[in-house]
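A.B. asks: Okay, here's what each chain looks like letter by letter:
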Amino acid sequence: MSDITDDLYHETLLEAAKSLTYYGEMTNPDLVVIGSNASCGDVVKIYAQLENPEDPNSKISKISWIGSGCLISRAGTNVVARLVIEQSLTLSQASILSQALLEQELGLENVSINRVKCLLLAVTTLKQKS
Amino acid sequence: MNESMFDPQIIKQDFPILQKQVHDKALVYLDSAATSQKPRQVIQAITNYYENHNANVHRGVHQLGDESTHIFHQSRQIIAKFFSASPEELIIVRNTTEAINQVAYTWGERHLKAGDVILTSELEHHSNIVPWQALIKRKNARLMYIPVSENGDLDEKFIDTFDFKASSVKLLTLSQVSNTLGTVLSLTKVLQKIKQLSPQTKFLIDGAQAAPHLPVNFDELPIDFYVVSAHKMLGPMGIGGLLVKKEILTQLAPFLLGGGMISEVSLQDTTFADDLEERFTAGTPDVAGLAGWAAACSYLSELGMENVLHHDRELVAYALEKLAQVPEVTVIGPKTAHNRVGSVAFLYQGVHAHDVGQILDSEGVAIRSGHHCTMPLHSKFNWQASIRMSFNVYNTNADIDSLISALAKVKKVFGI
Numbered sequence: 001m002s003d004i005t006d007d008l009y010h011e012t013l014l015e016a017a018k019s020l021t022y023y024g025e026m027t028n029p030d031l032v033v034i035g036s037n038a039s040c041g042d043v044v045k046i047y048a049q050l051e052n053p054e055d056p057n058s059k060i061s062k063i064s065w066i067g068s069g070c071l072i073s074r075a076g077t078n079v080v081a082r083l084v085i086e087q088s089l090t091l092s093q094a095s096i097l098s099q100a101l102l103e104q105e106l107g108l109e110n111v112s113i114n115r116v117k118c119l120l121l122a123v124t125t126l127k128q129k130s
Numbered sequence: 001m002n003e004s005m006f007d008p009q010i011i012k013q014d015f016p017i018l019q020k021q022v023h024d025k026a027l028v029y030l031d032s033a034a035t036s037q038k039p040r041q042v043i044q045a046i047t048n049y050y051e052n053h054n055a056n057v058h059r060g061v062h063q064l065g066d067e068s069t070h071i072f073h074q075s076r077q078i079i080a081k082f083f084s085a086s087p088e089e090l091i092i093v094r095n096t097t098e099a100i101n102q103v104a105y106t107w108g109e110r111h112l113k114a115g116d117v118i119l120t121s122e123l124e125h126h127s128n129i130v131p132w133q134a135l136i137k138r139k140n141a142r143l144m145y146i147p148v149s150e151n152g153d154l155d156e157k158f159i160d161t162f163d164f165k166a167s168s169v170k171l172l173t174l175s176q177v178s179n180t181l182g183t184v185l186s187l188t189k190v191l192q193k194i195k196q197l198s199p200q201t202k203f204l205i206d207g208a209q210a211a212p213h214l215p216v217n218f219d220e221l222p223i224d225f226y227v228v229s230a231h232k233m234l235g236p237m238g239i240g241g242l243l244v245k246k247e248i249l250t251q252l253a254p255f256l257l258g259g260g261m262i263s264e265v266s267l268q269d270t271t272f273a274d275d276l277e278e279r280f281t282a283g284t285p286d287v288a289g290l291a292g293w294a295a296a297c298s299y300l301s302e303l304g305m306e307n308v309l310h311h312d313r314e315l316v317a318y319a320l321e322k323l324a325q326v327p328e329v330t331v332i333g334p335k336t337a338h339n340r341v342g343s344v345a346f347l348y349q350g351v352h353a354h355d356v357g358q359i360l361d362s363e364g365v366a367i368r369s370g371h372h373c374t375m376p377l378h379s380k381f382n383w384q385a386s387i388r389m390s391f392n393v394y395n396t397n398a399d400i401d402s403l404i405s406a407l408a409k410v411k412k413v414f415g416i
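First to last, the protein sequences are chains A and B. Sequence positions in the first sequence follow the working numbering and run 1 to 130. Sequence positions in the second sequence follow the working numbering and run 1 to 416.
Keep in mind that the hints were calculated from the coordinates and are not lab data. Worth double-checking, as some hints may not be accurate.
Distance condition first, Cα-Cα at most 25 Å in a straight line; then the derived BS3-like pairs of lysine-lysine [claimed, not checked]:
| id | chain 1 | residue 1 | chain 2 | residue 2 |
| --- | --- | --- | --- | --- |
| 1 | B | 81 | B | 20 |
| 2 | B | 189 | B | 322 |
| 3 | B | 202 | B | 189 |
| 4 | A | 18 | B | 411 |
| 5 | B | 195 | B | 157 |
| 6 | B | 409 | A | 18 |
| 7 | B | 113 | B | 193 |
| 8 | A | 45 | A | 117 |
| 9 | B | 137 | B | 157 |
| 10 | B | 412 | A | 18 |
| 11 | B | 380 | A | 45 |
Looking from chain B toward chain A, a few residues come up when the C-beta cut is under 8 Å (computed) [what the hints assert, rightly or not]:
| id | residue |
| --- | --- |
| 12 | 161 |
| 13 | 352 |
| 14 | 358 |
| 15 | 359 |
| 16 | 370 |
| 17 | 371 |
| 18 | 385 |
| 19 | 413 |
Quick reminder that beta carbons are idealized off the backbone N, C-alpha and C, glycines included.
For reference, chain A alone in the conformation it holds in the complex (with noise of 0.2 Å):
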């Protein structure tokens, strides 16, 4: 770790951007889902199955993602895929995973507000489906 220190890309955040431990593809998906932040050019490919492929409302039993962006984007959308795995949460909860939570998660503190879409990328991508 560098020996500078900075108010948003401290220790925390880097670590998790390092070891994304969702990431990858996903053969037999149930569900595939992309987003994008048009401003900025951050790009996401959200993977999941689910308990019971044939209901919705079921929870999520495996996901990944692949994609592109700038380190709060990539260490936002792991800290979902991990959230999701962890609290055993089906799309429609992974939806309206808070801002404050994923923050809190990363250690952030204020993100500002031309971040939040970064940060909420993945967030954002599975409200598309749920």
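Guided by the hints, dock chain B onto chain A, whose structure is given.
C.D. replies: Okay, now just chain B, sitting in the frame of chain A:
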């Protein structure tokens, strides 16, 4: 003012916001291509209008009405003169985007037929693509793009080989200066070919990024439409211009209809005002905005646009020289200053543009990160997003030095 009197340090003092601190650091504003800052003279012109002269124009017979009407006309004259146009050729709009839409909805609706071609380029701002996409769908016409070459200019080979005679190009619409690459486009050749082989083609120039940096002589340019935004050239937001050559203007249907632009109205029918300025000014105009824009034009005229251009080229050259010394940086667009103005965009290896922008902001340096409303251009060259520093009259080499120093923090934070 001669060249030696052009001192950006003194000019900077005219811009109150540049005294501001951000994150406890002196603001270094390098995002003027997104919007320029405003000198005290512009802010005062707007304040003065509202404090001393505010009334509707062309309506009352009272003293304030006369004062406001006088400011309205005087401002239009100053703005038109800045572009070497006549006041009646100037249609006031909100911004460049609205100006282009107005051409699409008036001239385009009337003249474009099925199978006709609108020719533009791959490096255009979305505002010079999206309105045409919608128009050609309405008309069953075609939109074609001049490719952009690696050096950030129009592909000469395309221009040499394109069959202008057979292609029914009704409109050629191009930026004068690329908002992303800073390239001053080589327009002479394509213009000559068009005039020679397809004289019926109309020509629109998007001058949003050119007007702040280059002298523009609308009446001498062999073009039909020129579009600009005031806010990029030291003027206020929310006002801009659509310049139209008079021979086209006289045949153009007004876009907006209503009060102020009529000659006579009955319950069944309306005749429009003969006076072109009135015909294209529907509703109450933004007189304070016009006063502010006129003050910006006067400010730039006093500096001298040749001096402004010279200063800008020096900044571009200095930025290119300094960025070349940063190993992680790849400059996009031309590598020399002679065919550039206004901005220098680059990629930073291994770090997304937004993250670079955020770190620079923490050091007080404001730049633009993203695709700068040129997604097709970014897609063509596989740039996910880029970082753009852009200049205006108040910038100095020291501002560029600050950016270069702040880039060192990017390297440290991201452990590159």
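A.B. asks: Confirm or reject each hint.
C.D. replies: Against the structure, the hints come out as follows:
no. : hint            : result
1   : 81/B <-> 20/B   : 33 Å, violated
2   : 189/B <-> 322/B : 33 Å, violated
3   : 202/B <-> 189/B : 15 Å, holds
4   : 18/A <-> 411/B  : 16 Å, holds
5   : 195/B <-> 157/B : 18 Å, holds
6   : 409/B <-> 18/A  : 19 Å, holds
7   : 113/B <-> 193/B : 22 Å, holds
8   : 45/A <-> 117/A  : 16 Å, holds
9   : 137/B <-> 157/B : 28 Å, violated
10  : 412/B <-> 18/A  : 15 Å, holds
11  : 380/B <-> 45/A  : 21 Å, holds
12  : 161             : 33 Å, violated
13  : 352             : 4 Å, holds
14  : 358             : 6 Å, holds
15  : 359             : 7 Å, holds
16  : 370             : 4 Å, holds
17  : 371             : 5 Å, holds
18  : 385             : 4 Å, holds
19  : 413             : 5 Å, holds
The structure is inconsistent with the numbered hints 1, 2, 9 and 12, although it conforms to all the rest.
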